[in-house]
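Chains as they are written, first to last, in my numbering: chain A, 443 to 1039; chain B, 360 to 489.
Treat each hint with caution, since some may be false.
Unchecked claim - The list that follows gives simulated cross-link-like pairs (lysine-lysine, DSSO-like), each with its CA atoms no further than 27 Å apart:
id	chain 1	residue 1	chain 2	residue 2
1	B	K450	A	K501
2	A	K527	B	K450
3	B	K370	A	K487
4	A	K587	B	K473
5	B	K462	A	K471
6	B	K369	A	K522
7	A	K690	B	K461
8	A	K471	B	K363
9	B	K369	A	K690
10	A	K471	B	K369
11	A	K687	B	K378
12	B	K488	A	K501
13	B	K488	A	K487
14	B	K363	A	K501
15	A	K487	B	K462
16	A	K501	B	K369
17	B	K370	A	K690
18	B	K370	A	K704
19	B	K370	A	K471
20	B	K462	A	K704
21	B	K363	A	K487
22	B	K370	A	K501
If you are wondering where the hints come from, they were derived from the structure by calculation, not from laboratory data.
Read off the chains here:
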Amino acid sequence: MDKIRSHIMVCGGTGCVSSHSEELISALKAALVTAGYDQEISVIKTGCFGFCGQGPIVKIHPDNVFYVQVTPNDAEEIVKEHIVKGRTVHRLLFEEPEMKGKLESHDDMTFYKKQYRIALRNCGLINPENIDEYIAFRGYEALGKVLTEMTPEDVFYMIKESGLRGRGGGGFPTGLKWELTSKSEGTEKYIICNADEGDPGAFMDRSILEGDPHSVLEAMVIGGYATGAHQGIIYIRAEYPLAIKRLKIAMDQARDYGLIGKDIFGSGFDFDIIIRLGAGAFVCGEETALIHSVEGLRGEPTKKPPFPSESGYKGKPTTVNNVETFANICPIILNGSPWFKNIGTETSKGTKVFALAGNVNNVGLVEVPMGTTLREIIFDIGGGIQDGKGFKAVQTGGPSGGVITTLDLDTPIDYESLKNIGSMMGSGGMIVMNDTTCMVNIAKFYLEFTQDESCGKCTSCRIGTKRMFEILTKITNGDGTMDDLEHLDALARMIKDTALCGLGQTAPNPVLSTMNYFHDEYLEHVNDKYCRAGTCKALSKYSIIADKCIGCTACARVCPVKCIEGKAKEVHVIDQSKCISCGACFDACKFDAVLKP
Amino acid sequence: MGIKSLDDLKKIREDSLKKVNLRETGKDGENITEIMVGMATCGIAAGARVTLAALLDEISKNNLENIRIIQVGCLGYCHSEPIVQINQPGKEPLLYGNVDDKKARDIINKHILKNELLDDSIIINTFQKA
């Protein structure tokens, strides 16, 4: 029945197409016809292999042989040697830089697989609504081990040893957090899962809860045991209905098996979990504000200390951990802290999930070891910038972070290195921007978000972010002065120093970092009333070069606001007071007569 | 049924492992083909419900047995949702991206029934896993 016995898979990703993979496909097909094998071998164009630096890539299925930098000239040799005679073409195999050996099998290539999944290990692999499938992949084994073989001290010591740090953004050592709660006085304690994912563009927590809810539940029970809590609370935003539904199913199934509830694993340890829905306020991701929201109060932060580990929910010792942090716990228990410590950099261990978004080809969730460079994430895994445009900057840490430019693309990323270059890890949103992005406008976008999300409790954040947003609006409207730039800088530093909570303290970061790296763009906006990206509508004025215009009327016909005047075969003129800078005339002109701002 | 010890857990694990081994190793426990459909918010938003319905429809039209459809979470390839993974005994699992109604039907009629892979739709797995 199986007519086709082998497939030659050729990468059809943008990177490989630009290095002639289309021609390679035709050459392979032609060579197969010549050899008379076209009926039993087929050539298949695939998506990106994530190895664009070595493209074009060819993989032979099912032999699992992987060729790199294959040119159309190599097609004949691949067919004659590999397909007809069954001999691998050694010349084209990938040579691993450190090992100096040629690798035949695709799965041996550690360098090629840049992603390493710990938190996302089961996402897309198991049916999240079936606890048995989770158990099949070592689910609840860590909990069993903890409750039957370890003391609470052993557990937090092990997590401390592993070097795991909070994945919600701050990067506080998780083991230490557990130890502090554990050592706080009192018998009534709580553990809260922070699933109030609020960064625009970040969705790793949602994906974990939707794809592998049990990994979070299991880790919460372990955290409860380590800290002495018997009640867990999942604080999740109501905008995540599917995650909530799957969590509820998972909780029911775990309760049926006795994996949450009374006397878990016959150890005498009781633990239960409830869900609290949040209304999706950004500030409620801050732990003290989150706790107030769980208590039914306004989601406003309070001064720390006292830290939640001393006085949190209902004034009792409380641990708050992020979803992704929890998702890392069970593999650490099962594989040991030395295993986890081996992954990552000096100060940041393990992996981090990033939500790759913006002007990048392969938008998606990636999980990479700490210390991976931004270049690897954006160009190898992400497949480069869309539409062949250039890279300008990447924003990490969402509205609390900053931009990173080409200068720092090769920095190995971890909590410290990102801070040193003026950004932060944050929850892992990564927004890639191409060379047609206006950086002043980006700063304005984030300030619009933070001034809206500011809870209003402290003056510097409530009024400060609003004033910063107003100044940025003024600049992008072309009314900015040099004084405005000074005020913006002073305000940003003042808010950073005086705001009550993390939201306010980090809100000026996008402004400070764009002013630092793209100061000339701010100056252009203010002095020359010019926006080089053409994003700031008020500043981008299109015009027609009279010498080049032949009067074909193409621009006037596409103009949506009819602001281009001129008769056929006569020079056309744009009325700049009516122009909305949509760029339609620029695209329509075949004679390069429209000048783009 | 409650789990009261690691041994109880192990028993469930061993029973379930037979059912899921295919996904990682291509080793077949029950001689069944599995089709996994990414059904997280990203997948559903991209039309995974339509994909799922089309797969089920073709399976019943062709009276296929020994085939199981499973909904799973997000695989991370959001640029190519809806995602469908095919696990066949003795073969490496294979991922398809941008699977709309037509491609879903092609998967059953070409890949499953004739072993013809679909052009332009294969996604290569780019991660290792703990």
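Exercise for review: With a cut-off of 27 Å on the C-alpha distance, tell me whether K363/B and K501/A pass.
Suggested key: 48 Å, violated
Check your understanding: Given the proposed pairing of K471/A with K369/B, does the C-alpha separation stay at or below 27 Å?
Key -> 50 Å, violated
**Study point:** Given hint K704/A paired with K370/B - CA-CA distance at most 27 Å
**Key:** OK: K370/B and K704/A at ~21 Å, within 27 Å.
Point to revise | Holds or violated: K369/B to K522/A, with C-alpha atoms at most 27 Å apart | key: Status violated; Cα separation ~50 Å.
Review point. Has the given pair, K690/A with K461/B, been kept, meaning a C-alpha gap of at most 27 Å?
Key: Since the Cα atoms of K690/A and K461/B sit roughly 34 Å apart, the hinted pair is violated (cutoff 27 Å).
Check your understanding: Going straight from one Cα to the other, do K471/A and K363/B come out at no more than 27 Å?
Key -> Violated. K471/A to K363/B sits at ~60 Å, over the 27 Å cutoff.
Exercise for review: Sort out whether K369/B lies within 27 Å of K501/A, counting only the CA atoms.
Suggested key: With a Cα-Cα distance of about 38 Å, the restraint between K501/A and K369/B is violated, given a limit of 27 Å.
Review point. K462/B and K471/A: Cα distance at most 27 Å?
Key: Distance ~23 Å between K462/B and K471/A Cα, so the pair holds.
Check your understanding: Taking 27 Å as the top limit, are the C-alpha atoms of K462/B and K704/A close enough?
Key -> 48 Å, violated
Review point. If you draw a straight line from the CA of K587/A to the CA of K473/B, is it 27 Å or shorter?
Key: 47 Å, violated
**Study point:** 27 Å limit on alpha-carbon distance, applied to hinted pair K370/B and K690/A
**Key:** Given that 27 Å is the threshold and the Cα spacing comes to 25 Å, the pair holds.
**Study point:** Satisfaction of hint between K501/A and K450/B, Cα-Cα up to 27 Å
**Key:** 15 Å, holds
Hints 3, 4, 6, 7, 8, 10, 14, 16, 19, 20, 21, 22 from the earlier list are contradicted by this structure; the remaining hints agree with it.
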